[in-house]
Amino acid sequence: MYVAVKGGEAAISNAHKLLADRRRGDRSVPAMHIEQIIEQLGLAVDRIMSEGSLYDRELAALAFKQARGDMIEAIFLLRAYRTTLPRFGYSNPIDTGAMLIERRISATYKDLPGGQLLGPTFDYTHRLLDPELMGSDAVEEPQTREGNDARTPRVSEILAHEGLIEDDGDLPDDHQTGDLTREPMEFPMTRDVRLQALSRADEGFLLALGYSTQRGFARSHPFAGEIRIGEVDIEIDVPELGFAVSLGRIRVTECQMINQFKGSAKSPPQFTRGYGLVFGQSERKAMAMSLVDRTLRATELGEDLTAPAQDEEFVISHSDNVQATGFVEHLKLPHYVDFQAELDLVRRMRAEYEQTHDGETPDDDGLEAAQ
Amino acid sequence: MTDAMDGAEGEAAPLSDVQPGRQEAMAIFARASGKELADAWGAWPDRPDVSPLRGPETGLVMVRGRIGGGGAPFNFGEATVTRATVKLSTGQVGHAHALGADTDKVRHAAIFDALWQDETSRSVVEEKLVGPIRARLEAEDARRRNETAATKVDFFTMVRGED
Chain A
0 MYVAVKGGEA AISNAHKLLA DRRRGDRSVP AMHIEQIIEQ LGLAVDRIMS
50 EGSLYDRELA ALAFKQARGD MIEAIFLLRA YRTTLPRFGY SNPIDTGAML
100 IERRISATYK DLPGGQLLGP TFDYTHRLLD PELMGSDAVE EPQTREGNDA
150 RTPRVSEILA HEGLIEDDGD LPDDHQTGDL TREPMEFPMT RDVRLQALSR
200 ADEGFLLALG YSTQRGFARS HPFAGEIRIG EVDIEIDVPE LGFAVSLGRI
250 RVTECQMINQ FKGSAKSPPQ FTRGYGLVFG QSERKAMAMS LVDRTLRATE
300 LGEDLTAPAQ DEEFVISHSD NVQATGFVEH LKLPHYVDFQ AELDLVRRMR
350 AEYEQTHDGE TPDDDGLEAA Q
Chain B
0 MTDAMDGAEG EAAPLSDVQP GRQEAMAIFA RASGKELADA WGAWPDRPDV
50 SPLRGPETGL VMVRGRIGGG GAPFNFGEAT VTRATVKLST GQVGHAHALG
100 ADTDKVRHAA IFDALWQDET SRSVVEEKLV GPIRARLEAE DARRRNETAA
150 TKVDFFTMVR GED
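Protein chains in written order, with numbering that gives the first Met the number 0: chain A, 0 to 370; chain B, 0 to 162.
Honestly, the hints are just simulated from the structure, not real lab data. Honestly, I wouldn't trust all of these hints.
Among chain A residues calculated to face chain B with C-beta under 7 Å, some are [said to hold, decoys possible]:
no.	residue
1	Ser90
2	Asp167
3	Asp178
4	Glu182
5	Phe186
6	Pro187
7	Met188
8	Asp191
9	Leu194
10	Ile235
11	Leu246
Where a beta carbon is used, it is the ideal one built from N, C-alpha and C, also for glycine.
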């Protein structure tokens, strides 16, 4: 038996040239600038940064352009790029209470301090296609009203006083913050590592799992306590300076999900919480993340394990779309030898089968009907 | 090791009284545009010679969040960061860090951090650079806050009936 192992080189090179041509498309149409992608397709850029787990709008926009708009390919490019860079260190934890807020809503308190700020939302639009955007769209300047720069407390800080809602999640004092870019995954996980995995997880996967919990598979009775989107300052401690320096700001979306909880052997009746924190403006993902964070706390809270969204190993192991696409898509690579071996095996099994079932050849008519 | 640490402390000690000002200037440089810093350096009179001590180099910082917003830290995701350290012919050593991969911007920021530490040029750096950039950033923040404020929901109650 002969299996070809060479000969793809010219084909691959020409395929890549063709890819470059198709990516560019009709040359009479102007090429897109990175700035245009950042400014006008900003939510795509945000999603690439979130699932690529790398905040850099220029690189994410470049990846989007290079990947012809294929999100997972763009995310893959960003993940590959990050492996070429040295790690300078860890930032101080961001303070979302000090956020420059661009949107902030609560579905639990109408009159919360700081108010309900709708911001640039698709909510309440009629989802009608706007033919004016087919041409050049001249857009009015937004309205303004005197705002204030006071710190806007998170809804969880406001609710904490009553004692009916659990605190922000703490871990033991001697706990070293886990980092799944540095250490292999181990189950069961601590909540910090789980949140890191969920924050870079595939939005569609989290959305589907979150939805499954709403439909009754590990129901968690959620309320969107608060969603906020805006910019937070990033600081790192620089040992040679002896003080923290600010690196600039990044945009994040935070969701505080509040869940009714009837209590268990481990915890009294109270409101429990799920947390979502995502790069960029992405409240769908932040909401889904907080639903899944909450259901993955089932063991901690003494709940019965009944549904896929509660199964930490199942959820976290399949949440990363770069890993998932790698394994699914590898199936298209040559498996000639594996297949020849299997073909040989199936031939032998068939021969044995026919020997033992001598004279009982399958009914041809029956087979056709089944097909 | 001990010598190096003593040296570092010796260097840091005299800075402590001016540290808040320097920290703020560094934060402003980190958020400045590349052009603002390049133009200011281009127009700087009697530019000292600059020698690089480190970088500019681009790497990653792992950004941390807190569980529930205020609980235990967790690793949220990485960001690209560029850093540089320069030494001026006048002796000052300047550091800079900023999000992104703009090496020219960060090199200029390190130069201005060094110039800020020189008492003879500090007021000029503050006046020509830190002040105007801070004013621009504050105006942009105020504009964004005001645009967001216009989307605030003003609830009102419909009163029905006579009482």
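Status of each hint after checking the structure:
no. : hint   : verdict
1   : Ser90  : holds, 5 Å
2   : Asp167 : holds, 3 Å
3   : Asp178 : holds, 5 Å
4   : Glu182 : violated, 11 Å
5   : Phe186 : violated, 17 Å
6   : Pro187 : violated, 16 Å
7   : Met188 : violated, 11 Å
8   : Asp191 : holds, 4 Å
9   : Leu194 : holds, 5 Å
10  : Ile235 : holds, 6 Å
11  : Leu246 : holds, 5 Å
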